[in-house]
Amino acid sequence: MMLNLDGIRRRAESALNKPAEHGLDLDIAEFPPPPPQRSSREILARSYHVLASLGIDPTKEGTYIQVDEEPVEIRTGIEGVRLYTLSGALKEGLIDDYFWKLLPVDTDKYTAAAELFGNHEGYVIIAEEGARVERPIQACLLMASPGSIQAPHNIIVVEEGAELHVTTGCLTMMEMPGLHAGVSEFYVKRGGKLTYTMIHEWAETTHVRPRTAVVVEEGGEYISHYVNLTPTASLQTDPKVYLVGKGARAYLSSVIVSKGSSLMDVGGTVHLRAPETSAEIVSKAITKDRARVITRSLISAEAPRTRGHIECDGLLLSRESRILTTPSLDAWVDDVQLSHEAAVGRLGEDQIYYLMTKGFTEEEATSMLVRGFMEVRIEGLPEQLRRQIEAAMDMAAAGL
Amino acid sequence: MVVVSLRVEDLWVEVAGRSVLRGVNLEVGEGELVALMGPNGSGKSSLLHAIMGNPKYRVVRGRIEFRGRDITGLSPDERARIGLGIAMQMPPRLKGIRLGDLLERIARMRGTSMDEVLAAARLMRAEKLLDRDLHEGFSGGEIKRAELLLLLAQRPKFFMLDEPDSGVDVESLPHLGEVIRRIHSSRNDRAFERSSGIIVTHTGSILKHVPSVNRTFILINGRIRCFGDPGAILEDVERYGFEGCVNCVLVEGGEG
Chain B
281 MMLNLDGIRR
291 RAESALNKPA
301 EHGLDLDIAE
311 FPPPPPQRSS
321 REILARSYHV
331 LASLGIDPTK
341 EGTYIQVDEE
351 PVEIRTGIEG
361 VRLYTLSGAL
371 KEGLIDDYFW
381 KLLPVDTDKY
391 TAAAELFGNH
401 EGYVIIAEEG
411 ARVERPIQAC
421 LLMASPGSIQ
431 APHNIIVVEE
441 GAELHVTTGC
451 LTMMEMPGLH
461 AGVSEFYVKR
471 GGKLTYTMIH
481 EWAETTHVRP
491 RTAVVVEEGG
501 EYISHYVNLT
511 PTASLQTDPK
521 VYLVGKGARA
531 YLSSVIVSKG
541 SSLMDVGGTV
551 HLRAPETSAE
561 IVSKAITKDR
571 ARVITRSLIS
581 AEAPRTRGHI
591 ECDGLLLSRE
601 SRILTTPSLD
611 AWVDDVQLSH
621 EAAVGRLGED
631 QIYYLMTKGF
641 TEEEATSMLV
651 RGFMEVRIEG
661 LPEQLRRQIE
671 AAMDMAAAGL
Chain Z
5 MVVVSLRVED
15 LWVEVAGRSV
25 LRGVNLEVGE
35 GELVALMGPN
45 GSGKSSLLHA
55 IMGNPKYRVV
65 RGRIEFRGRD
75 ITGLSPDERA
85 RIGLGIAMQM
95 PPRLKGIRLG
105 DLLERIARMR
115 GTSMDEVLAA
125 ARLMRAEKLL
135 DRDLHEGFSG
145 GEIKRAELLL
155 LLAQRPKFFM
165 LDEPDSGVDV
175 ESLPHLGEVI
185 RRIHSSRNDR
195 AFERSSGIIV
205 THTGSILKHV
215 PSVNRTFILI
225 NGRIRCFGDP
235 GAILEDVERY
245 GFEGCVNCVL
255 VEGGEG
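Taken in order, these protein sequences are the chains called B and Z.
Residue 680 is where the first sequence ends in this note's numbering, and the numbering goes up by one at each step.
Residue 260 is where the second sequence ends in this note's numbering, and the numbering goes up by one at each step.
These aren't lab readings, by the way, just hints derived from the structure by calculation.
Treat the hints loosely; a few may be bogus.
Which chain B residues face chain Z? A few, computed with CB under 8 Å, are given here [as the list claims (entries may be wrong)]:
id, residue
1, Y328
2, E498
3, R529
4, S619
5, M636
6, F640
7, M648
8, G652
C-beta: ideal position from N, C-alpha, C; glycine also.
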C-alpha cells in the first residue's frame with residue numbers, strides 16, 4: 281500500500297504541541313531546523329577522534345554518518361545488508377510497510393517534530409532473509425549547529441532468519457543548547473536476531489528525546505545495550521518492545537552515568553503478547569553532583585507461559601543527587617512468571633575498607649566498585665563491540 | 005635476639021563510642037605465628053581490624069608498631085602496602101568484581117606469581133570461584149577459600165586470619181592449613197625468611213593443620229589475659245572453658 285504522506289504530515293502537525301508522557305516539556309519552536317551545512321565533511325573530519333572514542337571508524341564498510349540533518353557518509357559493501365538514507369528508501373518505496381507503522385507519528389511533539397523538521401533523513405538498514413551478518417553496521421548521528429534540532433528517523437528491518445548487529449554513536453560537537461529527537465522503528469521477523477548497541481555522548485546543554493519501538497516475531501530476538509556516560513541537559517526515552525510471535529525474546533540493558541545537573545529519565549517497556557515470550561530489563565544508574573535519574577521499566581505479560589524479570593540498581597555518589605526507580609510488572613493472565621529486584625544506595629564503607637586492606641587507595645577502591653556496579657551481562661555481541669562498551673565504562677568509572 | 009614484627013602497646017579502641025579493647029599488649033616476633041582465642045565478643049576481630057586500620061575502630065589510647073615503625077596513624081591501604089594483610093571473617097560482597105580479576109590485580113601489584121595462586125586454588129578446589137563476583141552468593145567455606153587466595157596473592161609480611169576454620173568442612177581443613185603454611189612461608193624479598201601472623205580461631209580446629217603456631221593468646225573482655233603453649237591451652241579450654249585455663253601464663257594486669 282502506498283504511503284499517505286500528506287495524511288502523516290497533517291497528523292504530525294496536529295501533535296506539535298502535545299507533551300510527552302514523561303520528562304521535562306520543551307518548546308520545539310526554540311530549536312529551529314539547522315541551516316544547510318556547507319561543511320559537513322569538514323565537521324566529520326574534525327570529529328574522527330571523538331568517533332574513535334565511541335569505537336566508530338568512519339572509513340569502514342557498513343557505515344552511516346549523518347551531520348545535523350544531512351547524511352554525509354554511507355558505506356555499503358557488507359554482504360546481506362542493504363543500507364539507505366531514509367529519503368532514498370522512501371523514494372524507492374522500500375519502507376512503505378515500516379514508515380510510522382510501529383510508532384504513531386502523533387505520539388507526542390517529538391515524533392511530530394521528527395516528521396516535520398527531520399528532513400526525512402536517518403538510516404534504513406535491511407538485513408536480507410537468512411543473512412548472518414557478523415560485522416556490525418555502525419551508525420553515527422552528529423549534531424553540529426548550535427541551538428538546532430536534529431530529528432532523524434531510523435528504520436531497521438531484520439528479515440526472517442537473519443542476524444544483525446547495529447551500533448550507534450550519537451554525539452554533539454558543540455557546547456550549545458540543542459535538541460535531538462530521533463525516531464527508531466525496528467522490525468525483527470521470524471527467527472531473526474537484532475543486537476542494538478547505543479552509546480550516547482551528548483553535551484551538558486543537549487536535550488535528548490529518542491523515540492523507539494521494536495516488534496519481534498516468532499522465535500526472534502532483540503538485544504539492546506544502552507550506555508550513556510556523559511552529562512546531558514535532559515534525556516527522556518522509553519523504548520517499547522512488542523514480542524508478538526511465540527517464543528520471542530528481549531533483553532534490554534542500560535548503564536547511565538548522570539553528572540552535573542543532568543536530568544535523565546530512562547525507561548524500557550516490553551509487551552509479552554505471544555505465548556512463551558520472555559523479557560529481561562536491567563538498568564544501572566549512577567548519579568553525582570546534583571544529577572537526577574529516573575529509571576522506569578515495565579514488563580506486561582499478556583499471553584500464557586511468559587516470563588519477565590526486571591533488575592534496577594542505583595548508586596548515589598553525592599548527597600545532592602537523586603534516583604527514582606520504578607520497576608513495574610503487569611500480569612494479564614495467570615500463567616506467567618514475573619519478578620523484579622531493585623536496590624538504591626551509596627557505596628558501602630565496608631567495601632571501600634575491604635579493598636583498601638588489599639592495598640588499593642581509597643580512590644582506586646571507589647573506582648573499582650563503581651566499575652563493578654556498572655557491570656551488566658553483555659549478551660550476543662561480537663568481541664570488538666563488547667570491548668568498545670567495556671572501554672567506555674572503564675573511562676566513565678575512572679572519571680567519577 | 006628476637007626481632008619484633010608487630011607490637012601492640014596498651015591499645016584502647018572504641019567502636020561507635022563503645023569500648024571494645026581495653027589496654028591490649030601483644031608482641032609477635034619475626035617469623036612467628038600465634039593464635040588468638042577467646043569467647044564470643046571478647047574483641048578478637050576488633051583487634052585485627054584495629055591493627056589493619058579500619059576507620060570504624062577508633063584508637064583512643066596506645067600504639068601499634070610494625071617492624072619498629074609506629075603505624076597507628078596510617079590508613080588501611082598504607083598498612084597493606086608496607087606488608088600487613090587480613091583475611092576477614094565476614095567480608096563484604098563485591099558486585100561486578102570477579103575474584104580472578106582481583107587476584108590478578110593484587111598479584112601484579114605485589115609481584116606475586118599467579119601460578120602459585122592458581123595452584124592454591126586448585127588445591128582448595130576453588131577454581132570455579134575465580135569467575136564469580138567476589139563473595140556474591142559464596143558459602144561460608146567458599147568465603148574462607150577466597151580470602152586465603154587473596155592473602156596469598158598479597159604476600160603480606162604480617163598476616164591476620166579471622167576464623168579461617170569456621171564454616172569449613174573437616175575434610176577441607178588440611179588443604180586450607182596447607183595454604184596457610186604457604187602464606188606463612190612465602191616471602192618475596194628474602195625467600196628464607198618467614199612472614200609473621202595471627203590466627204584467630206574460636207574452636208582451634210585449624211591449629212592441628214598449622215603446626216608452626218607456637219603461642220596461643222587468650223583475649224577476654226578486651227584484654228589479653230594469658231598466653232601459652234597452643235596444645236595445652238586448647239586442651240584446657242575444651243575442658244574448663246576460657247576462664248579456667250590452667251596452663252596459661254597470666255599477663256600482668258590481664259585480669260583487669
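How the hints compare with the structure:
| no. | hint | verdict |
| --- | --- | --- |
| 1 | Y328 | 32 Å, violated |
| 2 | E498 | 34 Å, violated |
| 3 | R529 | 24 Å, violated |
| 4 | S619 | 17 Å, violated |
| 5 | M636 | 4 Å, holds |
| 6 | F640 | 6 Å, holds |
| 7 | M648 | 6 Å, holds |
| 8 | G652 | 3 Å, holds |
Hint check: violations occur at hints 1, 2, 3 and 4; the rest are consistent with the structure.
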